[in-house]
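Q: Below, each chain spelled out in residue letters.
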Amino acid sequence: MVTPTRKKDRIDALAASSAEPDAGVSLAASAWRTLRRSPVFLTGAVIIGLFVLISLLAPWLAPQDPSDPMLIDQVVKARNEIPQPQDGHPLGGDLQGRDFFSRVLVGSQQTLIVGVLATLIGLAGGLTLGTLAGAFGGWVDSVVMRLVDVMLSLPSLLLAFSISALFARPNQYTVIVAVAVVQIPVFARLLRGSMLAQRHSDHVLAATALGVKPGAIVFRHMLPNSLGPVIVQSTLVLATAIIDAAALSFLGLGNPDDRIPEWGQMLGDVQNVFDTHPHLAAWPAGCIIVVALGFTLMGETLREALDPKSRR
Amino acid sequence: MALLEVRDLTVVFERKGEQPFTAVDHVSFDVEPGQTVGLVGESGCGKSVTSLAVMGLLPKRGARVSGTVSYEGVNLLSLSDKEMRDRRGRDLGMVFQDPLSSLNPVIPIGVQVTEVLERHRDMPRKKAMVEAADLLDKVGIPDPNRRLSEYPHQLSGGMRQRALIAIALACRPRLLIADEPTTALDVTIQAQILALLKELVQDLGTALVMITHDLGVVAGLCDEVNVLYGGRVVEKAQRHELFAQPRHPYTHGLLASIPRLDAPRGEKLHPIRGSVADNIPWDHGCAFAPRCPNALDVCVERTPEQEDLGAGRLLRCHNPVRPTVPEEVSA
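So the protein lines, in turn, are chains A and B.
The numbering used here puts the first residue of the first sequence at 1, with every later residue one more than the last.
The numbering used here puts the first residue of the second sequence at 1001, with every later residue one more than the last.
FYI, nobody ran anything at the bench for these hints, they're computed from the structure.
Keep in mind that the hints are not guaranteed to be accurate.
Okay, derived cross-link-like pairs now, EDC-like style, lysine to aspartate or glutamate, Cα gap no bigger than 16 angstroms in a straight line [claimed, not checked]:
hint: 1; chain 1: B; residue 1: 1060; chain 2: B; residue 2: 1118
hint: 2; chain 1: A; residue 1: 213; chain 2: B; residue 2: 1083
hint: 3; chain 1: A; residue 1: 213; chain 2: B; residue 2: 1203
hint: 4; chain 1: B; residue 1: 1198; chain 2: B; residue 2: 1180
hint: 5; chain 1: B; residue 1: 1060; chain 2: B; residue 2: 1030
hint: 6; chain 1: A; residue 1: 213; chain 2: B; residue 2: 1118
hint: 7; chain 1: B; residue 1: 1138; chain 2: B; residue 2: 1083
hint: 8; chain 1: B; residue 1: 1198; chain 2: B; residue 2: 1223
hint: 9; chain 1: B; residue 1: 1138; chain 2: B; residue 2: 1223
hint: 10; chain 1: A; residue 1: 213; chain 2: B; residue 2: 1223
hint: 11; chain 1: A; residue 1: 213; chain 2: B; residue 2: 1081
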């Protein structure tokens, strides 16, 4: 038999526990709690953190000027021999006698710029098209989505090649544009889908019942609620953009000025000496793979954590 | 002239290659200022579609709305989209069924209350925030200033419904439509919300259209009740008359199906047999006939006409329930 006081205590304790503010129940907070303990996410985050840090500090980290052919004497003297690792040049030199280690370090800058800018431009284009299609519906939706379907029907890399081939004088920005355009349909389709779901949601109906104007309904009520999947997708697109940009540069569709090092281009340059000097290909290729992997690991875990259906 | 006069409101849903479906069929009712009118019926009887039609919220494509809905003498159905938008939220407010999904999850409560104030009363943001706190206070939300910056998920179900009522009443509409506002809430909170609605309606003189399937809600709140079945009003009566002497077998069945505490032990419940799926179209008979205990041959041969029984009482039935003797009424 429970004495009245103890019973009362228990009830009080129960009431106190249920009265706890339910902070942390929000999607973002619960996602963060999951992610913090996920080794996969942390691995991705560490990779990306290091990558961003290195590319920001590259000018100071690089021991030599990456565009200076300071070892050209060794190349010429030894009949096109590639300089071996030596004092001050831990990875030796490249075909033009430039310090290879510095080039790998500074090359991260191009990768970061291309990845981020291409994703942002693709995101902006995708948001515009997706919002148009999702907000208006009807024939606007049909026209926009058919355009998107056409773009999606081409393999993305092939589309990127075609676009960068359109530019008479390719430079580092044409690569960004080509890679960005390819990402637009992915974002547009994703956003349109979640906008359509929002259009028939109760809170949009409730806002309509309050006489809220269509513009405010779209930008205040539908769009913010549709962004989740798009934001997650952009981390995945970062990986794709980096790989696509490297592929374009590898095939010579990138910046023809090779004074600015770029991993894809470095890889393309050493095709002929790959069998005798595999390290010249291994470093840039490894960097591309690791960085793309980092973004993918982060993106995938983020997607899982933010997906309400996978929440326990 | 009544505040809201709904006459022969008919909503037909059409889809290419499919039979058109008449969800609301010549429904008429009046709402006077300060009056509470109930629309009662089971799922699929057309109550929600009626409310959406009055608010002009049915999709343009696929739904054909006819009849008239006059608010202060203006036929709302003939207004342009823009004119209707200006009236929604200002003249006509609406409270929906599910308080969780009816609030925007990514915007703080305060912004959602001020949005409608800024929209219809041209209030600057700061002044609207003060007014919003006042409104939340009025609907019984404690510590309103803190709540203004909170998100919907941080509020309980009852709180959210209070917030939605505050939003719906922010611009002092003269008519409030409440579409099953208590269905998603637990029983104790239901009672609080109903008491709140009753109080607000009395204080502000707002006319209320209460849509519900819960006769308990009707008993506590409504002055006049329209019982809908299969898209038509089958019985209309003042609240007391309806509960004292239900005449339509459907209304009678609804009342009889409520479990009673004072019933003898072991007594079985009295369900209405069948389901809405058994309905027959109103064209050649009474839609309720297949489920009706009083059904006669005529019920499946001829559509029952609406009869005026006097004192605002309307009935659509060939073989209504006989008025019972008064002493049973008091029970």
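Q: All hints are to be evaluated individually against the structure, with a verdict given for each.
A: Comparing the hints with the structure gives:
Taken as a hint, the residue 1060(B) and residue 1118(B) pair is broken in the structure, with Cα atoms around 27 angstroms apart against an allowance of 16 angstroms. About 11 angstroms separates the Cα atoms of residue 213(A) and residue 1083(B), which keeps this hinted pair within 16 angstroms; it holds. Taking the CA atoms of residue 213(A) and residue 1203(B), the gap is about 29 angstroms. The hint is violated against a cut of 16 angstroms. The suggested pairing of residue 1198(B) with residue 1180(B) holds, with an alpha-carbon distance near 14 angstroms, which does not exceed 16 angstroms.
A distance of roughly 25 angstroms separates the Cα atoms of residue 1060(B) and residue 1030(B); the hinted pair therefore is violated under the 16 angstroms criterion. The straight-line distance between the Cα atoms of residue 213(A) and residue 1118(B) is roughly 11 angstroms, inside the 16 angstroms bound, and the hint therefore holds. Using a Cα cut-off of 16 angstroms, the hinted pair residue 1138(B) and residue 1083(B) is violated, with the two alpha carbons roughly 29 angstroms apart. At roughly 11 angstroms between alpha-carbon atoms, residue 1198(B) and residue 1223(B) fall within 16 angstroms of each other, so this suggested pair holds.
In summary, the hint linking residue 1138(B) to residue 1223(B) is not supported, as the alpha carbons are separated by about 24 angstroms, beyond the 16 angstroms threshold. Annotation: proposed proximity of residue 213(A) to residue 1223(B) is violated, straight-line Cα distance about 34 angstroms (limit 16 angstroms). Between residue 213(A) and residue 1081(B) the CA atoms are separated by roughly 10 angstroms; this keeps the pair inside 16 angstroms, and the hint holds.
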